[in-house]
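J.: Chain by chain, the residues run as shown.
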Amino acid sequence: MAFLVVRAVPADDPRNPWFSWEYIRQNSDSIQAALTQHVQLTVLAIAIAAAIAIPLAIVASRVRWLAGPILSLSGVLYTIPSLALFALLGPLLGLTVRTALVGLVMYALLAIVRNALTGLRQVPAEVRDAARGMGYGPAQLLWRIDLPLALPGILTGLRIATVSTVALVTVTSIVSYGGFGMEILTGFNHDFYRPQIMFATLACVTLALTFDLLLVLLGKVLMPWSRRRRAT
Amino acid sequence: MNIGRILSDAMTWLNDPLNWTNPDGILARAAEHLFISVCALALAFVIAVPIGVVLGHTGKGGGFIVALANLTLAIPTMALLTLFVVAGFGAGYPPIILALTVFGIPPLLSNAYLGMREVDPDVRDAARGMGLSGAQVVGRVELPLAVPYILSGFRTAAVQIVATATLAAFVNGGGLGMIISRGFGLGLDSGGGQVVAGGLIVIVLCLTLEGVLALAQRALTPRALRQGVRRMPSSAADRVDASAAAAKP
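Which chain is which? The protein sequence lines are A and B, in order.
At position 24 of the first sequence the residue is numbered 24 (UniProt numbering), and the sequence of numbers has no breaks.
At position 91 of the second sequence the residue is numbered 91 (UniProt numbering), and the sequence of numbers has no breaks.
Simulated from the structure, these hints should not be mistaken for laboratory data.
Some clues are possibly wrong.
[To be verified] Facing chain A, according to a computed beta carbon distance under 8 Å, are these residues of chain B, among others:
#	residue
1	W13
2	L14
3	P17
4	L83
5	G139
6	V141
7	L143
8	P144
9	V147
10	V171
11	V195
[Unchecked claim] Sample of chain B residues facing chain A (criterion: CB under 7 Å; computed from the structure):
#	residue
12	M78
13	A79
14	L186
Small disclaimer: the values here were computed from a predicted structure and weren't measured.
Note that the Cβ used here is the ideal one computed from N, Cα and C, for glycine as well.
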């Protein structure tokens with residue numbers, strides 16, 4: 001345990017400020033590239049995860065015995081640290097965008113399945129009975145009753161998954177991606193260059209909060225009834 | 001690369017005794033990993049549980065706890081680790097331990113808060129009616145009833161911190177993640193086996209810890225309270241949700 005590999009740095013070095021416009025102006029190209037990569041990885045991962053997770057949740061809500069195994073498997077997977085997952089995926093799939101995406105999708109999947117399933121389970125049985133009594137078939141029941149009523153749960157899952165994915169993208173720098181994560185590492189390796197590290201960190205948090213806000217707005221658009229209820 | 005070759009490389013690496021006993025081998029790294037984690041967990045517990053108990057007793061600060069949990073979800077672990085190291089919180093382990101503490105606090109805080117809030121108001125009223133003071137209500141009634149929640153928070157935080165400690169490798173901060181990052185540093189052709197071996201060790205450690213703590217939690221929870229912990233539905237975003245409080249390491 002005698003490895004004191006982390007160096008101490010003087011707390012106030014005028015050449016190494018916490019924030020610098022100079023840095024942002026001179027590096028707008030690499031910042032732009034990091035932003036693009038970060039957004040692309042996040043959006044792709046969430047889109048793929050949602051496309052798998054929502055149907056999976058629907059199946060799990062219909063087939064009772066499937067719900068248990070799906071939830072416990074997702075729990076076990078969630079216990080695995082991200083770096084360890086990429087350590088298994090990296091050598092297998094190489095340093096490709098596939099590796100980064102597979103890891104991100106796996107974690108996002110869990111949050112979405114879990115919450116979508118909770119949402120689907122909370123659809124009142126009476127409402128479904130009434131719909132069936134009115135002559136709704138299985139497809140209509142799904143599209144017009146189950147999914148709209150489970151939307152708050154699905155949206156919560158998407159929000160949690162998106163915010164964690166934005167943070168998790170930084171870890172994909174171990175397989176040569178990482179968006180702003182790579183910027184943080186570069187800053188760290190260039191003599192603890194603070195403006196770069198600080199800016200990339202703030203960019204990550206801002207990006208996560210922006211995505212979250214967009215999803216909240218999407219929810220308002222998709223669920224006008226929840227807005228009306230709050231207004232009364 | 002094919003799975004067979006990678007796995008056999010990993011097994012070869014794991015079978016070399018020197019990789020276990022080297023000064024920066026598996027055993028030393030595991031000791032380092034656990035040392036960092038235990039310090040962070042103890043610190044997070046000492047900070048978060050008293051605050052959670054007080055806030056839960058008074059019923060204030062629920063919004064603050066949700067906001068804090070959401071914020072830590074949005075801050076990348078690796079960013080905080082880097083910032084703390086660069087901020088010069090001393091050399092060596094302290095910045096790493098502090099960063100991990102930050103990620104251990106939300107599950108402990110929200111569970112302690114939730115445990116205190118979930119105490120049946122009738123029980124609290126009865127205690128007040130019997131003439132117990134505020135501090136006595138906390139010490140003799142609320143806190144004992146909140147134990148299952150606090151244990152659950154401890155388990156989540158412990159697994160969270162041990163998992164997150166892997167990321168200390170990004171800032172050369174030690175722990176088992178170093179085996180993985182060094183392997184990547186060698187390039188996947190020669191270091192691939194080491195990378196996979198490191199990943200497997202970390203996964204085994206985390207799953208074992210989760211299992212052991214689940215058993216310990218069961219054993220430590222008073223029998224009368226075992227049915228008491230209801231899992232909060234994670235879609236209840238506006239409530240303090242104990243399960244969503246953990247950021248993904």
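J.: Does each hint hold? Answer for all of them.
T.: Here is what the structure says about each hint:
1. At about 12 Å, the closest approach between the beta carbon of W13 of chain B and any beta carbon in chain A exceeds 8 Å, and the interface hint on this residue is violated.
2. With 8 Å as the threshold, the beta carbon of L14 of chain B stays out of range of chain A, its nearest partner Cβ sitting at about 13 Å, so the hint is violated.
3. Interface hint status for P17 of chain B: violated, as the beta-carbon distance to the closest one in chain A is roughly 20 Å, over 8 Å.
4. Residue-level restraint check for L83 of chain B holds (minimum Cβ-Cβ distance to chain A is 6 Å; threshold 8 Å).
5. The closest approach between the C-beta of G139 of chain B and any C-beta of chain A is roughly 34 Å, which is over the 8 Å cut-off, so the hint fails.
6. Of the supplied interface hints, the one on V141 of chain B is violated, with its beta-carbon coming no nearer than about 32 Å to a beta-carbon of chain A, more than 8 Å.
7. Against a cut-off of 8 Å between C-beta atoms, the interface hint on L143 of chain B is violated, since the closest Cβ of chain A lies about 28 Å away.
8. Taken as an interface hint, P144 of chain B does not check out: its beta carbon lies about 28 Å from the nearest beta carbon of chain A, beyond 8 Å.
9. Checking V147 of chain B against chain A: minimum C-beta separation of about 23 Å lies over 8 Å; hint violated.
10. The beta carbon of V171 of chain B comes within 6 Å of a beta carbon in chain A, closer than 8 Å, and the hint placing it at the interface holds.
11. Because the smallest distance between the Cβ of V195 of chain B and any Cβ of chain A comes to about 5 Å, under 8 Å, the interface hint for this residue holds.
12. Annotation: M78 of chain B was flagged as interfacial toward chain A, and the flag holds, the nearest CB pair being 5 Å apart, inside 7 Å.
13. With a cut of 7 Å, the hint placing A79 of chain B at the interface with chain A holds, because the nearest CB-to-CB distance is about 4 Å.
14. Nearest Cβ of chain A to the Cβ of L186 of chain B: about 11 Å, over the 7 Å cut. The hint is violated.
In summary, the structure is inconsistent with hints 1, 2, 3, 5, 6, 7, 8, 9, 14 from the numbered list given earlier, while agreeing with the others.
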